[in-house]
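The hints should help you fit chains B and C onto chain A, whose structure is shown.
Residue numbers (numbering that gives the first Met the number 0), protein chains in the order written: chain A, 0 to 170; chain B, 0 to 145; chain C, 0 to 386.
The hints are simulated quantities; they were obtained by calculation from the structure and are not laboratory data. Beta carbons: idealized from backbone N, C-alpha and C, even for Gly. A portion of the hints provided could be inaccurate.
Taking lysine-lysine pairs in the DSS-like style, the calculated list, with each CA pair at most 25 Å apart, reads [unchecked claim]:
| hint | chain 1 | residue 1 | chain 2 | residue 2 |
| --- | --- | --- | --- | --- |
| 1 | A | 93 | C | 23 |
| 2 | B | 9 | B | 137 |
| 3 | B | 137 | A | 142 |
| 4 | A | 93 | A | 25 |
Simulated restraints on C-beta separations [said to hold, decoys possible]:
| hint | chain 1 | residue 1 | chain 2 | residue 2 | range |
| --- | --- | --- | --- | --- | --- |
| 5 | B | 137 | C | 157 | 41 to 47 Å |
| 6 | C | 189 | B | 34 | 49 to 55 Å |
| 7 | A | 147 | B | 51 | 24 to 30 Å |
| 8 | B | 75 | C | 120 | 51 to 57 Å |
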Amino acid sequence: MAAKSKVRNVPEKVSRFLEELRKEFKDKILSIKVLTPIRAEVKIARNSHKQIIKWLRDRFAESSYLVTINTVDYIDRGDFELQYEIQLAEDDLKLHLTLKMDIPRANPEVETITDVVPGALLYECENYEMFGVRFIGHPALGKVFLPEDWPDNVYPLRKEVKLIKKVKKVR
Amino acid sequence: MGIVQWARIKSPWILHFPSPGCNGCDIEVLAALTPRYDVERFGILLKPSPRHADILIVTGAVSKQVAKRLKRIYEQMPEPKFVIAVGTCAVNGNVFQGSPFVYEGVDRVIPVDVYIPGCPPRPEAIIHGIVTLIKKIKGGGNGGKK
Amino acid sequence: MSTISLIIGPQHPALHEAERFLFKVEGETVIDVIPRIGYMHRGIEKLMETKTFVEGLYLAERICGICNVAHTLCFAEAVEQAADVEVPPRAKYLRVIAHEFNRLHSHLLLLGVAAELMGFETLFMLFWRDRELVMSLFEELTGNRVISAYVRVGGVTRDISPTLADKIKDKLPKLYKRIERYKKVLSEDPTFTTRTIDVGYISGSKLLALGAVGPTIRGSGVKIDLRYTDPYEVYDEIPFNVITYKEGDSWARYMVRIDECLELINIVLYALDHLPQGPICTKVPRTIEGEGEGRVEAPRGELLHHTIWRGGVTPWRHRVRTPTYANIPGVCEMFKGYHVADIPIILGSIDPCFACTDRTTVMLLDVESGTKKTMTIGEIKKKYWRR
Chain A
0 MAAKSKVRNV
10 PEKVSRFLEE
20 LRKEFKDKIL
30 SIKVLTPIRA
40 EVKIARNSHK
50 QIIKWLRDRF
60 AESSYLVTIN
70 TVDYIDRGDF
80 ELQYEIQLAE
90 DDLKLHLTLK
100 MDIPRANPEV
110 ETITDVVPGA
120 LLYECENYEM
130 FGVRFIGHPA
140 LGKVFLPEDW
150 PDNVYPLRKE
160 VKLIKKVKKV
170 R
Chain B
0 MGIVQWARIK
10 SPWILHFPSP
20 GCNGCDIEVL
30 AALTPRYDVE
40 RFGILLKPSP
50 RHADILIVTG
60 AVSKQVAKRL
70 KRIYEQMPEP
80 KFVIAVGTCA
90 VNGNVFQGSP
100 FVYEGVDRVI
110 PVDVYIPGCP
120 PRPEAIIHGI
130 VTLIKKIKGG
140 GNGGKK
Chain C
0 MSTISLIIGP
10 QHPALHEAER
20 FLFKVEGETV
30 IDVIPRIGYM
40 HRGIEKLMET
50 KTFVEGLYLA
60 ERICGICNVA
70 HTLCFAEAVE
80 QAADVEVPPR
90 AKYLRVIAHE
100 FNRLHSHLLL
110 LGVAAELMGF
120 ETLFMLFWRD
130 RELVMSLFEE
140 LTGNRVISAY
150 VRVGGVTRDI
160 SPTLADKIKD
170 KLPKLYKRIE
180 RYKKVLSEDP
190 TFTTRTIDVG
200 YISGSKLLAL
210 GAVGPTIRGS
220 GVKIDLRYTD
230 PYEVYDEIPF
240 NVITYKEGDS
250 WARYMVRIDE
260 CLELINIVLY
270 ALDHLPQGPI
280 CTKVPRTIEG
290 EGEGRVEAPR
300 GELLHHTIWR
310 GGVTPWRHRV
320 RTPTYANIPG
330 VCEMFKGYHV
340 ADIPIILGSI
350 DPCFACTDRT
360 TVMLLDVESG
370 TKKTMTIGEI
380 KKKYWRR
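Next comes chain A alone, as it looks inside the complex (with noise of 0.2 Å):
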């Protein structure tokens, strides 16, 4: 289909930068898959985000930014996958990277990029009360959207808590 053959013409400085990236993690990075010219999706090993993220960062320092942090609840799996996405803007390399990981369900543990990214602040205060997901070294770990009175030990968006009434249709 059309929005595959994309893929194809990707520009040669970004297949670069990619292998590139490859060659510094090894084997930190489980795969990476090209999406579109201008997005890639890293499959990357648990607990490397803060080592490549500060690396991107370092090298781009005037041109990139975290987008945001996303979790998603694998309940079937027993994981959350954590999605940092940071976008490259330079002029002859821009690319939208997804870099993704894992983290196991039981124990959501990551280390905090804060001290890295500052901009990070916010979306993990809001991943921790939402999923639960404890960001080690954070300094303030709190609530963000939830109401003031609302439980500690429950996080509304994963899979097993179910909130949602249904609505009676009117007609």
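Relative to chain A, chains B and C alone:
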């Protein structure tokens, strides 16, 4: 009609409380105040403080977080006070029905006098709603105390 | 000097993400800011998991009514990517036209509110009068003034008629001249310049570290605009300039917006001239398996919808990251070192969906001299309720 009642009809001042809707209604309330619709010709002024307001305009669905504040603002308004629920979210929750964080309608929190449906209602509809309320006051309505 | 805590909000005109800001103030100068967002939390990401993409589109639209086309466009892009559907070219051009109209009305809205914040009522009314012209054209194009439901998954809902295209081509150049006039006012009038120049300065590299997006970061000279860095729809075919200002103060952020208004009128006119023929919508399968990411440049900055479908008619996870959310850490840095009177103007300069004319409600707490003390709303209530 006493003189107080007469004055009340001539210049109802409104307080706009944007509760968590999508802003669509908020900008339409604001558009009603600007040159094309110009609601000020009815003596209606927007006031920033609840102490000066007669009418509370609530737009958007009321979240659990904001409900306490809404109640408090309502209590701060001097008597008699009137509430207009603008937009479907304020009337019954709209697409947010079923969410655990949202009340289905403003009337679950504070008494409402006039409902203006629409997503968002046009400025004309908002003006019509305010005029309806003024008629209601003329008929001797007294806010939440019915 | 003693420190006073100043609470702004939550009954606060910053609309779609109403925050409560707790300012620590020494004399007149802000030294620290603690934001508390979440008053507007409606559980949309959880709700989205129970909705099909047809229903979800309407929910996505109601995340923000001001930039509703950006949200629907972004949602549709994400779902199309997950379902691997290609949209017909005419629909792409129509989406761009609606998207730019949306941006135009949003920018004019903000600039009007900004003028109002500094007490320049005349300019506020002028901006809003011209905005009504955009609104009526937008209504003719999409069918509604604000929430339009124009973009749908797989295309758009309505075609544009040749008469309407001619009308837009006739009206927009007139609006262009008026906006040029307002630009002159914004860059020369002392009412505006004295309140904004050198207020709320922040450097580009600091904003990058804090993850700010949109006109906020372009006002500090960083060339990041998704229409350019990650072209979606047909932005790679349309010539346009990315507006950046080097100054990094509130004035620059407002000027970015007014220059963008001029630029986007050119984009709309170009898109109308190069509108291809053909269908405006394609079919999308009901059950989807895949992952898609829509990113568009909303009026306030980069917007992201990330959707993950694992078969079935509802998404497994739908993630939304709105631009104002990304800009909050940045704006907290901007406040530091400036005066209390500058707070609304700095906050307005990131465009936190200010749409209401009433100002920030300020509660000043008296604090025993010399001691730092902060209070929550509940504490204030207990202490001051009976007065």
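To see whether the hints hold, each was checked on the structure:
For the given pair, residue 93(A) sits about 40 Å from residue 23(C) by alpha-carbon distance, which is inconsistent with the 25 Å threshold. Between the alpha carbons of residue 9(B) and residue 137(B) the distance comes to roughly 10 Å, so the proposed pair stays at or under 25 Å and holds. About 47 Å separates the Cα atoms of residue 137(B) and residue 142(A), which puts this hinted pair outside 25 Å; it is violated. Taking the CA atoms of residue 93(A) and residue 25(A), the gap is near 23 Å; set against the 25 Å cutoff, the hint holds.
Separated by about 43 Å at the C-beta atoms, residue 137(B) and residue 157(C) satisfy the suggested range of 41 to 47 Å. Look at residue 189(C) against residue 34(B): about 25 Å separates their beta carbons, and that is not inside 49 to 55 Å. Separated by about 29 Å at the C-beta atoms, residue 147(A) and residue 51(B) satisfy the suggested range of 24 to 30 Å. The hinted window of 51 to 57 Å between residue 75(B) and residue 120(C) is violated, with their beta carbons roughly 27 Å apart.
Figure legend: structure checked against the earlier numbered hints; hints not met, in rising order: 1, 3, 6, 8.
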